[in-house]
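Visitor: One-letter residues, chain by chain:
Protein chains: 2
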Amino acid sequence: MQKYRLLTPGPTPLPENARMALGCEIIHHRTSKFRSVLADVLDRLKYVFVTKNDVLVFTSSGTGAMEAAVSNLAPRDGKVIVLESGKFSERWRKLCEKFGIEVVRYEVPWGQPFDSAKVAQLLQTHPDAACVYATLSETSTAVGHDIEAIGRVVRQHDAVFVVDGISGVGVMECQTDDWGIDVLVVGSQKALMGPPGLAFLAISPAAWRQIESIDRQAFYFDLISYRNALKGPDTPFTPAEPLVVALAESLKAICDQGIENVWRRAKVLAQATRESLLTLGMKLLAERPSDGLTAAFFPDGIDGRIFLEKLERKFGIKLAAGQGPVKGKIFRIAHMGMVDELDIIAAIAAIELVLVEMGQSVTLGAGVTAAERVIANDARVPTSMD
Amino acid sequence: MQKYRLLTPGPTPLPENARMALGCEIIHHRTSKFRSVLADVLDRLKYVFVTKNDVLVFTSSGTGAMEAAVSNLAPRDGKVIVLESGKFSERWRKLCEKFGIEVVRYEVPWGQPFDSAKVAQLLQTHPDAACVYATLSETSTAVGHDIEAIGRVVRQHDAVFVVDGISGVGVMECQTDDWGIDVLVVGSQKALMGPPGLAFLAISPAAWRQIESIDRQAFYFDLISYRNALKGPDTPFTPAEPLVVALAESLKAICDQGIENVWRRAKVLAQATRESLLTLGMKLLAERPSDGLTAAFFPDGIDGRIFLEKLERKFGIKLAAGQGPVKGKIFRIAHMGMVDELDIIAAIAAIELVLVEMGQSVTLGAGVTAAERVIANDARVPTSMD
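As they're listed, the protein sequences go chains A and B.
Basically my numbering = 1-based index in the first sequence + 35.
Basically my numbering = 1-based index in the second sequence + 35.
Derived from the structure by calculation, the hints contain no laboratory data.
Please read these numbers as outputs of a predicted model, since none were measured by experiment.
Please note that a few of the clues may not be correct.
Copies of the same chain look alike in the list, so a pair counts if it works inside one copy or between any two.
Said to hold, decoys possible - Here are the simulated DSS-like pairs of lysine-lysine, each with C-alpha atoms no more than 25 Å apart in a straight line:
#1 Lys38 - Lys68
#2 Lys266 - Lys133
#3 Lys133 - Lys114
#4 Lys362 - Lys129
#5 Lys114 - Lys129
#6 Lys349 - Lys38
#7 Lys122 - Lys266
#8 Lys129 - Lys153
#9 Lys362 - Lys349
#10 Lys353 - Lys68
#11 Lys38 - Lys353
#12 Lys68 - Lys266
#13 Lys345 - Lys68
#14 Lys349 - Lys68
#15 Lys114 - Lys153
Please work from the sequences and hints to get the whole structure.
Guide: Structure below.
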């Protein structure tokens, strides 16, 4: 009799249509029927990514597409700049090191944003850097980085600008082409509201030229094979067909809403979440917060593991814990995809109830009231009642 | 109003339970609920593979797992032996070449099986070969190779024995441990009756020692990460959760039937298919046929493309065409997974009807009668009426 309320920054809940599509009969991928679904998915992804560049679909987690953006773009024994601010931007560095690439690190503490002026300095010191690897929304800290500003800096140099948008794209503004993002990485199971198991790259003409010029260390993720298959459109290897069919439904829902409306609504949900947690006396981790998720410290005296367990056992609310240096110190709540105003209010209410049960002096309803005020003050945002 | 009858060698139709499971609510993968599904899947895969070795699950096509079996096992600048007999065994060579590994090729013409004596000779000539790459069922030619005999030869040397069982395992006998297969590669969407998008490796202790000893050219497919995650059991990166949940249902069906029964029934279906096509005057491609699929040449005077189109448009029967040197010359019909006696009889009937429509002198019912005789003669096989 318990409802399940998935509020993690990936996977996120699927729209009903997408779930139903998952259960359809398996169709063969080398058919006009599948090709028309794939063509539709590619068109809609370009709309959501705000790009005219080629978009490629991989059967893998987002990490697979990140690997592709390293093994196809950064020459072995070459040099790249990695902007590091958490567990997932750290992965750029680990990937580069694995593939024998020299990494110039620009590291900021967890919770801090990058400074584009520092990126400009690094690019001047290292004009031979082949790529700059950055992150739109750092899922481990809930920081939303200023990719627009960093893009303005990178475009003055030859380096290819690669951005991990896995948990950011589809919930916060990302003008791929206008911001000069040469390679954008996105995952299916975050703001795109698709099932986990697909990942995407959007690749600019400049990035293609670099890919063609280097000795690619890739086979399953060899981007040239994927580009050659685009004329079908096909994928070079057997795709996870049910996931593609389901994603088509999720993307239709986003396109029907309009991507600017999705971004605007997310801003309100994010603000409502932050205001309510602050009202409950919590501290937030991110100095420049992402619109996709919020990370907050557990109050003093609260055992985070017990707190999260109670939320899940009593109310079916699944939040994410902390990772790396903030493990045991923070929780993360996502507000992307099929998460609406009342889901956030419900989560805040549950947090209040669990805090009181755990002996914290919290005014019941205070957090919920703060969230409602943010929602009420934003008359422009489409709500679940529209 | 047209039924869809998927008889390709991957993807294959899903059992009803598996399709329904695909449409369930998304659950987070870092939970005890998902871990118990994954543990169940791993246990059942070991049963189906007849192995006590570690089994790893990847979110990728079978090619991804093949890449893992190259980039983790064959040292760069090292040497391996590749047994090549069609499009998919050729992929072993291409993968090895991509990763800078010297390949000693043992090539047989499409449709021919490998000779284990030749493998013995090659191993004596090249005692420094790190691996031998072979194929259980060559999907492009429908040849079933004698992996047991080749395994007897390879075990007398230090080389690691790697077998592509992607379309063979789960439909034809494969005694992974007894036959000395160090690394077995399997895909979800063939005889295992799962959705496409997952691939598996079974890895022997000797293979693990080799993996530990070399500089692995892998991150997303780094096998040590997958082994470390087994204690959860987890996967190192976000898995395609709906596919795992669906596969659990498919594997339950195989385990309930019993793997020996599955193999025995497939033998009868394969024989029924071959006898009926021979009765219709067709020639088969494979000298040593696989139990999972049959490849036959189009009769003289038949345009294969039109033949396959008519089967699909009139009867919803989807067969596979030829690839590489037999493109336009053969068709392939699969008899694995959720394909039973009456599916084969229906396909043969449709083939008879289309041949007659295309002006061939074929005795209507002759192929079907031949198939029925094979089925009737085998009293031991469980039928769809049991």
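Visitor: Quick check: which numbered hints come out false for this structure?
Guide: none
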